[in-house]
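Colleague: Each chain, letter by letter, is given below.
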Amino acid sequence: MSGLDALLTPLARLVLALALAPLLLGVVNRTEALVAGRRGKPLLQVYFDVAKLLRKGAVFSTTTTWAFGLGPTLGLAATAAALLLVPQGGLPGPVSFSGDFILLAYLLAAGRLATLLSALDTGSSFEGMGASREAAFAALAEPALFLALAALAAHRGGLSLHAMLAGSAPGDLAALEPAPALAALSLFVVLLAENCRIPVDDPTTHLELTMVHEVMVLDHGGPDLGLIEYAAALKLWLYCALVAGVLLPSLPGGLWPDTLAVLAVILGLGVAVGLVESAMARLRLNRVPQLLTWAAALSALALILKVWEAGS
Amino acid sequence: MELFLCALVLILAGGSLGLVLRGRTGRLAGPLGILAGSGLGLVAVLRLLARQEYPRLDLAWGLPVGSFSLGFDPLTLLFLLPCFGLGLACPLYGLGALAHEPERKVRSHWFFFSLLVAGLALVAVARDGFCFLLAWEVMSLSPFFLVSFADEKLEVREAAWTYLVASHLGVLALVAMFAWLAGAAGSTHFDALAWAAPQLAHTWPLFLLALAGFGAKAGLAPLHVWLPEAHPAAPSHVSAFMSGALITAGMYGVARILVLLGPGPAWWGGLLLGLGLLSALLGLAQGLAQGQMKRLLAYSSVENAGIVFLGLGAAHLAARGGLAPAALLAAAGALLHVLNHALFKGLLFLGAGAVLHGAGTVEISSLGGLLKRMPRTGALFLAGTAALAALPPFNGFFSELLIYLGLGQAGMGLRSAGSLAAWGGMAGLALAGGLALAALAKAFGLAFLGEPRTPAATRAHDPGRAELAAMLLLALGCAGMGLAAPWLVTVLAPAAAQVAHLPGMAALDAARDAQSLLRTVLVAALPLPVLGLFLWALRRRLLAGRPVGSSPTWDCGYARPAATMQYGPASFADPLASALGPASGIQHDLARPQGLFPRRAWHRVAAPDLVLDAVFRPAFGAALWAAEHLKWLQHGRIPLYVLSILAALVAVLAWVLA
Chain A
1 MSGLDALLTP LARLVLALAL APLLLGVVNR TEALVAGRRG KPLLQVYFDV AKLLRKGAVF
61 STTTTWAFGL GPTLGLAATA AALLLVPQGG LPGPVSFSGD FILLAYLLAA GRLATLLSAL
121 DTGSSFEGMG ASREAAFAAL AEPALFLALA ALAAHRGGLS LHAMLAGSAP GDLAALEPAP
181 ALAALSLFVV LLAENCRIPV DDPTTHLELT MVHEVMVLDH GGPDLGLIEY AAALKLWLYC
241 ALVAGVLLPS LPGGLWPDTL AVLAVILGLG VAVGLVESAM ARLRLNRVPQ LLTWAAALSA
301 LALILKVWEA GS
Chain B
1 MELFLCALVL ILAGGSLGLV LRGRTGRLAG PLGILAGSGL GLVAVLRLLA RQEYPRLDLA
61 WGLPVGSFSL GFDPLTLLFL LPCFGLGLAC PLYGLGALAH EPERKVRSHW FFFSLLVAGL
121 ALVAVARDGF CFLLAWEVMS LSPFFLVSFA DEKLEVREAA WTYLVASHLG VLALVAMFAW
181 LAGAAGSTHF DALAWAAPQL AHTWPLFLLA LAGFGAKAGL APLHVWLPEA HPAAPSHVSA
241 FMSGALITAG MYGVARILVL LGPGPAWWGG LLLGLGLLSA LLGLAQGLAQ GQMKRLLAYS
301 SVENAGIVFL GLGAAHLAAR GGLAPAALLA AAGALLHVLN HALFKGLLFL GAGAVLHGAG
361 TVEISSLGGL LKRMPRTGAL FLAGTAALAA LPPFNGFFSE LLIYLGLGQA GMGLRSAGSL
421 AAWGGMAGLA LAGGLALAAL AKAFGLAFLG EPRTPAATRA HDPGRAELAA MLLLALGCAG
481 MGLAAPWLVT VLAPAAAQVA HLPGMAALDA ARDAQSLLRT VLVAALPLPV LGLFLWALRR
541 RLLAGRPVGS SPTWDCGYAR PAATMQYGPA SFADPLASAL GPASGIQHDL ARPQGLFPRR
601 AWHRVAAPDL VLDAVFRPAF GAALWAAEHL KWLQHGRIPL YVLSILAALV AVLAWVLA
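Sequence lines, in order, name chains A and B. For the first sequence, counting from 1, position 310 maps to 310 in the working numbering; every step adds exactly one. For the second sequence, counting from 1, position 596 maps to 596 in the working numbering; every step adds exactly one.
Okay, chain B solo, but in the shape it has when bound (with noise of 0.2 Å):
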């Protein structure tokens, strides 16, 4: 306990002496306190994981609602990993990244990063719903101003805004739930909670308030309209940061809430497992029709985000049905999940902070043949795509399998509404991993193969060391997690376990056959890269001293091939963007060239998000309007307004003794 609040000491004095400091100092102080504090807070976090403590903290503070508590228990250790993992991988990347860039914003923008993670951390260790709602707040405020740092731009601080009302209105969701909660049980101690909620008569619409509240922040669709604003607007470093760790506060959050709410009906899983399946869908259809590659990126964040909620529900259902064994691969493989997606995720948006530096657009029309001008990049970009698409042995594919192992156990096990749903999970997560292929090639595969389509990627280069040592260290994250991944499920089961009320024996017994079952997954993928190897060896071999020439790519004898003729990123898409009809939202500006000496022509394709244009523009127009219709309430007079009050308290006063 003592290294964890040392840790976030650190974290917040390196972001405050910055924010006092002037010059060099100042611009260092910031990150390396959050460098050092995140280095510590994650040795504390390994340290309590591996010696299975968990310490309590309650501290007298001066306020009359709530208290000071902290505790750790499996689920806050977990979800404190990415927080703190990226807490030393991101602040690297901003160190090199932001190096050119004002004095003045840099240092507050270091301030803020530090209440973001030192405010992500408390979130997780809160054990007071008050105290957990400050900490919620503070984090939740701090990425406004760090989204909002290039604010000369008028669509960076349009998401700033996106992104500012979209937490709020999550958060008004959970003061809802947590108030109520409270009122039941006289306190809001986590403990007094956990106790009273399995008297209430309904917990139900504390479950929806929680789902609301927390999804948003997640990423989870229909709620998600957030994450493809705000993460193209902010420094790539700070994209990494929210979508692999800030997101993850929402994951929590529902965690939580089912742990808090004890063992809820069936239909919740059910309903986790269904809107988990659309944000995967959803994501993947929107994402897979984006062109520009951080907007992609942040709707892979939904697909992911889809997944590790499909694997709560699942994990929910199956221990509903009485399967053990089922939910613990499939809690598990969600947690992994949670972890997984920080890794790779971080990677790719540093990697496409690299383009946007190198190349100065992540607009992949624009990109082509970045691999042999950024080659570190590009390959370390490789790695993470790789793992992204859950190919084997990288560690998406393993927090995959659990899912789908988990999905088919369910499906094998439970009876029918249950299972089918379960079947129906997994030719969605099916489907999912098809589309996260295409769209990854299509990120990957445009933008650093082939041909430079702008002048500016012909000039492209790599970051600097400090950019990719950041991604290294991700990079080894991915692979490392992967070969560990039989070892990870037993740290991850008591999580698990906890999450799915599962009793602490089955749960042992299940995570020592899911240990098994993975080493034996990860010695039948090995073959995959030694045979890979052996052939690359081969193939050289056998064209050493054979006659190798090279020459243009065959474009069918033509003449004049221009890098602009390449497969674009929309005509790469349609196929599949036709196949989804109106799911991937692309939409045509088409004027055909007309006459015999055409004048203009065009073919604009956007992707406009559809729930943001079919659900929250419309009702925020019908509120700006209600707004607008009620003005004449505002007029100014004091008298007036004193008098509406009297009216309001006569008529309260009248309900009341009625």
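For reference, chain A alone in the conformation it holds in the complex (with noise of 0.2 Å):
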């Protein structure tokens, strides 16, 4: 591959993540329709949605300030800082440098202020609750992610996320490595909550005092929520993404193969996504942290697994 190649593919990847993210979005309302028995909504939805509400006016609570605009401008712009990072199909990321996953946790907990303080500025007990909710499961999630791009550090050898995420060494799966796929679940788990689908929080509930993520964009309309939907599409592109490197196999070769190839996982990672929605009860609210407890303890697993293994 040439020098220049090197440069463009990660940007061209990052181009097209910019502009599937919507649909993948669609790929999941998809798959719980068919499993339903619906016919669902247009796999494009999520596109028109946001087209149609960066046309719209707004109406601003009169309790807000300027930090009510901070959720979706600074959110986006996070999450958008964020996908930079994110290698895709085994190339690194436009940006790439040792320990860059710790920018990436902390582009996307900048992301998640901004929405905490958004939804604080409305003064509403709902959003509030949301707030508090958010806050509470996204901390415990930390250690889950932080432990898994460990246990892949110590398993691949380095600490940026290229190196984590090169795709498994052909010989892993001949292996039966755990440690990969013990990160991958936990990842998985990450995924469900930092995204907010079930079993942590339903996107699609209609209950206020059930919600999670929904109702902290409550108040939100126009384009202020088109930025929102926008940048909840591309948060959930970036974890499939991650996910996506540590279950991909490296591959040999060709930019074509290979685009394809992570293309159909994180899309598939999306049908996967919808799958546990429709097989799934969503757990009740102080059930969560166990679940994202379990999340570190497979990981930490994985880790000490590694570490033991160096050792002997």
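Watch out, some of these pointers could steer you wrong.
Just so you have them, the derived chain B footprint on chain A, three or more residues with Cβ under 8 Å [as the list claims (entries may be wrong)]:
| # | segment |
| --- | --- |
| 1 | 74–82 |
| 2 | 140–147 |
Pairwise CB distance ranges (calculated) [unchecked claim]:
| # | chain 1 | residue 1 | chain 2 | residue 2 | range |
| --- | --- | --- | --- | --- | --- |
| 3 | B | Cys556 | A | Ala279 | 28 to 36 Å |
| 4 | A | Pro42 | B | Ser416 | 50 to 58 Å |
| 5 | B | Arg560 | A | Thr205 | 19 to 27 Å |
| 6 | B | Val615 | A | Trp294 | 28 to 36 Å |
| 7 | A | Thr62 | B | Leu533 | 21 to 29 Å |
| 8 | B | Gly322 | A | Leu209 | 53 to 61 Å |
| 9 | B | Gln515 | A | Gly40 | 50 to 58 Å |
| 10 | A | Ala51 | B | Pro582 | 44 to 52 Å |
In short, the hints are calculated from the structure, not lab data. Where is the CB? At the ideal position from N, CA and C, for every residue including glycine.
Since each chain sits alone in its own frame, please combine them into the complex, following the hints.
Modeller: Okay, here's the thing in structure tokens:
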């Protein structure tokens, strides 16, 4: 691969991610509909929604201040900036360095703080409730994410996302390596929690009392809501790309096969999310911390296995 | 050296003149002297840092023990920065905040403040154990008089006592440690101590004594109990100085002892890392549960002290494992975090002071909607919040990033237990990051956003110019230190190498690598503000010319929403507090409404300090009980006293002869 390609391909995949992220949400919705025996919304519904919302006016609560605008803008900016770091299909992201996963986690945290503050700015007790739950679940998901990435770092011997997710070595599957599998499982749970999917949160519920993420954005409308929906789609894509990086074996090469393979795995993960949502009920709120602790424990197990292996 | 001494003289002269002079000049002499002296001191420190000069000064003194020796080295220079930096901001704030207090109190307040600043500076430059302990004592005693400023209140007097007892228990350990070391060395000079320490058979008791003495000052759990009591009671600029600068004396002490004792065994690093982790997590679990903003911030200081010790521990572990780059990263991260914490915690305590002044309370459950009423304070407080939550591109992120990187490299490079400790440290730091975000969203979101919960909060207003200027100074520092992080890591490298006992060349190489890495990180973090601004502009552009309405917040169609129905501090913390179990220390006092016509019902939520209640209160209760029962010894009859002295002498003589 020539030098220019090495630069352009990650950028091209970033553009692809920015363009296709709403489709991923469409795939999740369509999977759920098919399992439930419905025809479901069009695959491109999220595009239509965002386009419609961006064309609308807005109504702002009299309680709100400029902090209300932080959530939509900084939330999307942080997710997009984090996407710059994510390797897709065996190639490093447009920006890659040793320890980039820490920046990724803290960029997402910046977006989360902005969303929390926008929710609290409305003064609504429902949105305060959502913010408090989101803060709690995100805090407990953080060690699971770091432990999973640490296990991958110990497995592959590198501290950059590119090294951790460079595609499983061809020997991994044959040797039945447990560490990547455990890390992938743990990352998938974090994916479900961070993207507010069942069993942690139900994005389609209609009762404010039971919502987590959706209740935080109740008072947003118009372009603000459009930005938020798009940011949610990007975030789901980002986490799917992380999990895909662990699952996808490194391919013999070729730009197009690589790109198609990573797209297939990401959309396949979308189907998996849809299947989980169809097969499970959401957990009671006080059971969610246990789920996240289990995810962290799985990753910790993977990490201990790697350390033990290196020591013996 | 001359410039530094001039700065000290200016600070002390200001404080003492304020004590003598009357009227307006008496009020102003103290703070202006401290401001001028701190400015001069900052210039002196920065010049020495830039030239990498380390002058020394030994003067004759009339005392039979010790010597008056001062000296600079990279570590000292680094720890002088928070002292003089906050010495610039806090008196500026106090100048405005104390303008209406009675003159008598204000003058003595500034006298003790100048003693605190000068004592802290002397602790950092002292090169003799005796001289160090004297400066330490001056530095430890003066906050007692500063904390008890509002001494008409019972809880303030009690908090001051808690501080005094805690800091003197710490001094006890330090005196024992220095006496032991000086006994072996035959001198109290640091050079002699450093020469003698490696020849001792056991250095670990010295290390543990130092950790107890200095840890108590630094706010390291489980010796942190004075922070959540003293910080809320003190005037806010004093809390800011104590939290940002005074506790760094404890961190300096541990770093200095690590230098003096020479490279210790690896378990020292493990112990530091473990205690740091305990401190970070316990501080946050308890901080999250607090309903009072200054108490919450005090616990956050416990957390940040924990992060610093975690970094020091990781550096020690990595250095003993032969991983020089990892050790440098972790040590530089810990030291950078000391500076960062001084800036953002100073800013947040001053912000809390502005809230206290503007709204009359810092109970979060009585606040709300302050951003509309105190827009400048709110914006500055938000900047401090983002920096404390370690969000890029603010300064807090870069110090934590360095510690994470050090932990990651140590985890990959070390074997078995060391590796697991490093990875565990990383996971713990990640959990601490998530908890800190929740705690800060609570502190800022519930106090500054939403609707005011009480009439007092409705009438809140921004403080005066001096206070705002002090906060702006620190906020600019937070942003500037973030942008300057790649350059700062090379400035910190000599001090980091000193703490971790790294050879100069290896440290230099590692620092250069870290610098280029941080440059990349800075570039990678920039899309966040740039894209954010772009989207903000886009949003305005889209809405321009479209119908934009306003209405009350949607509350499911409920007709009569009230401000007290908003999510409060206790309800916000509840999901995490119940997930963390007893670690948060939340106590519910619940009386449910009963019957058809319920009379009284209440739900009180409190979060007292776990360690204070579980360990220190019972221990002091036992001591008091013992004292009560030994009272018969204190009967006041001189002949019996003399007899008991004689009996004791005879007993000792018999013991020695036997």
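Colleague: Decide, hint by hint, whether the structure agrees.
Modeller: Structure-based check of each hint:
no.	hint	verdict
1	74–82	holds (count 6)
2	140–147	holds (count 7)
3	B/Cys556 / A/Ala279: 28 to 36 Å	31 Å, holds
4	A/Pro42 / B/Ser416: 50 to 58 Å	55 Å, holds
5	B/Arg560 / A/Thr205: 19 to 27 Å	26 Å, holds
6	B/Val615 / A/Trp294: 28 to 36 Å	33 Å, holds
7	A/Thr62 / B/Leu533: 21 to 29 Å	26 Å, holds
8	B/Gly322 / A/Leu209: 53 to 61 Å	56 Å, holds
9	B/Gln515 / A/Gly40: 50 to 58 Å	53 Å, holds
10	A/Ala51 / B/Pro582: 44 to 52 Å	51 Å, holds
Violation of the numbered hints given earlier is absent; every hint is satisfied by the structure.
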